[in-house]
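Enquirer: Residues in the sequence shown are numbered consecutively from 8, following the working numbering.
Hints are computed from structural coordinates only; laboratory data are not their basis. Incorrect hints may appear among the rest.
[Stated by the list, open to error] Here are the computed lysine to aspartate or glutamate pairs in the EDC-like style, where the Cα-Cα straight-line distance is at most 20 Å: (1) LYS349 to GLU382; (2) LYS349 to GLU278; (3) LYS349 to GLU323; (4) LYS227 to GLU166; (5) LYS349 to ASP414; (6) LYS268 to ASP183; (7) LYS388 to GLU367; (8) LYS388 to GLU427; (9) LYS336 to ASP358; (10) LYS99 to GLU147; (11) LYS99 to GLU119; (12) LYS389 to ASP363; (13) LYS247 to ASP191; (14) LYS408 to ASP455; (15) LYS477 to GLU427; (16) LYS408 to GLU382.
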Amino acid sequence: MKKKPIKNPLFRGLMRLIWPHTFAAVTQKHTIMKKMLKLTAILLVAFGGLLMTGCEKTEDEKPTLSSEKNVLIFRLPEISPAVTATVDQNAKTITALVPSGTDLSTLVPIIETSTKSTINPGSGVMTNFTGPVVYTVTAEDGTTSNYVATISLDGAGTETLTGTMSQNRTLANRNDGIDYIIDDMFYVDGNALLTVEAGVKIAFTGIYTGINVGANAGLKMIGTANNPVILTGPVNNNNKGSWAGLQYQSNRADNIMEYVKIINAGTQNSEAAIYLYGNSQLSMRNSEITGSATHGIITNDASLSVFSGNTISNCESNPILTNNLLTFKSFTTDNIFTGNTKPELKIEWADILEADLSLENHGIPYLFTHGLIVERNLTLKKGIVFAFEYGQQMGVRGSGKIDARGDVLNPVKFIGANNEAGFWSGISIESSRENILDHCIISNGGNDSHYMKSDIAIWEGAKLNLSNTKLMNSDAYGFQFSGSFTLTHSNVSFENCQLGNVYDYDNDVVHSNLP
8 MKKKPIKNPL FRGLMRLIWP HTFAAVTQKH TIMKKMLKLT AILLVAFGGL LMTGCEKTED
68 EKPTLSSEKN VLIFRLPEIS PAVTATVDQN AKTITALVPS GTDLSTLVPI IETSTKSTIN
128 PGSGVMTNFT GPVVYTVTAE DGTTSNYVAT ISLDGAGTET LTGTMSQNRT LANRNDGIDY
188 IIDDMFYVDG NALLTVEAGV KIAFTGIYTG INVGANAGLK MIGTANNPVI LTGPVNNNNK
248 GSWAGLQYQS NRADNIMEYV KIINAGTQNS EAAIYLYGNS QLSMRNSEIT GSATHGIITN
308 DASLSVFSGN TISNCESNPI LTNNLLTFKS FTTDNIFTGN TKPELKIEWA DILEADLSLE
368 NHGIPYLFTH GLIVERNLTL KKGIVFAFEY GQQMGVRGSG KIDARGDVLN PVKFIGANNE
428 AGFWSGISIE SSRENILDHC IISNGGNDSH YMKSDIAIWE GAKLNLSNTK LMNSDAYGFQ
488 FSGSFTLTHS NVSFENCQLG NVYDYDNDVV HSNLP
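All chains should be built: construct the whole structure from the sequences, respecting the hints.
Expert: Below, the structure is given as structure tokens:
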């Protein structure tokens, strides 16, 4: 059945009132929704753009990584009370004293480092501190810094050193007695530097014990006048040569010895209390060597870069033995050589002076076993004594020059090692430079009966100023000459020249006075 439309007048009236408002509300709501959707779309687009921009910046601008790599705190909490080490940021060292009796081989340090850095060995890791330990701190950016940690016993007993050390180490003054014992040859090797502090006393147990400093290593011993470093032999053996001594093969500038006492070192086998090999060097100040069974110091193509205020005494041979007269270039006048069985500064093997040199008088002779050839400037201060072994000669030739000036009380002497006429061959002047001998004594020459028949000879083209000088005890003549030369002389005297005073070599004629 088909429904009919509602024709009720009241209903129609209500609909006319309600519908327009309802339609308007629906229309308004629809408009608002459209606006909200549009706004949402805009916001989404904007946010997406921000995200895109943010991503682009992350890719283009990487964050800066930290380069901080410091050790901030280094603690040993297992020790009671806990010990906090001293961290030196400049020297990159970590040092601490722990009670005597602490087992240094099993310590577990707690370490704090810079933010975002790591350290190896790590914090809380058991570590052996019987020697220095290197800690490497790595920053966030991958750069590294090394710290050397040294843990020492406070008020400790004696420590025995053996074998080889290849890392830096400092020997501290552990107690009032013997701090360290070395019972074999102790080798300082690699690039290691062994530093010995003031007041340290080291005892060596026998004739084969000592310290050997390798080619790239170093030995630095610095005491004070009141607190010297002492190196000595066994406590029950106070004999000379009771331990081997120190051997250097290193040219490092930090081979330094100041206020050090070396007692009874130097055996027949080691040959000296200190032996410097090859290109090695040593700076030595205010130190003592006493009681060697052989020499005090031997240098073999090596150098004593500084030698001042030292004493070498009571050695069974020479205080110094060297193969190069230049060894004495650094010697100051405040060194003392006393009580040695062979009281000479000994220059062994033939020596040619190839650099300028000025020598001081040290109170004992310079002894030449194989003569001396002067090819540069040689200056001799008053009171110096040059002594020559049997048959040896001193020659001044080429660009060489001698300037020897004594005074009335302190003449410069050129003599034989033994006070015998003709023991050595004398001085041969062959250089055309301004050679000067003033207030000198030349004695015991004339050993060579064919060539050098006198205390002093001058040859073709040579030049000499000779004054206030005595020529004496020659096995032949006092003075001889040959060829054309330049000689200036005054107040020259002769004594006990067995074949005459002056000999003309070319004409085989003897004269009483100089030409």
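Enquirer: Which earlier hints can't be squared with this structure?
Expert: 1, 5, 8 and 14
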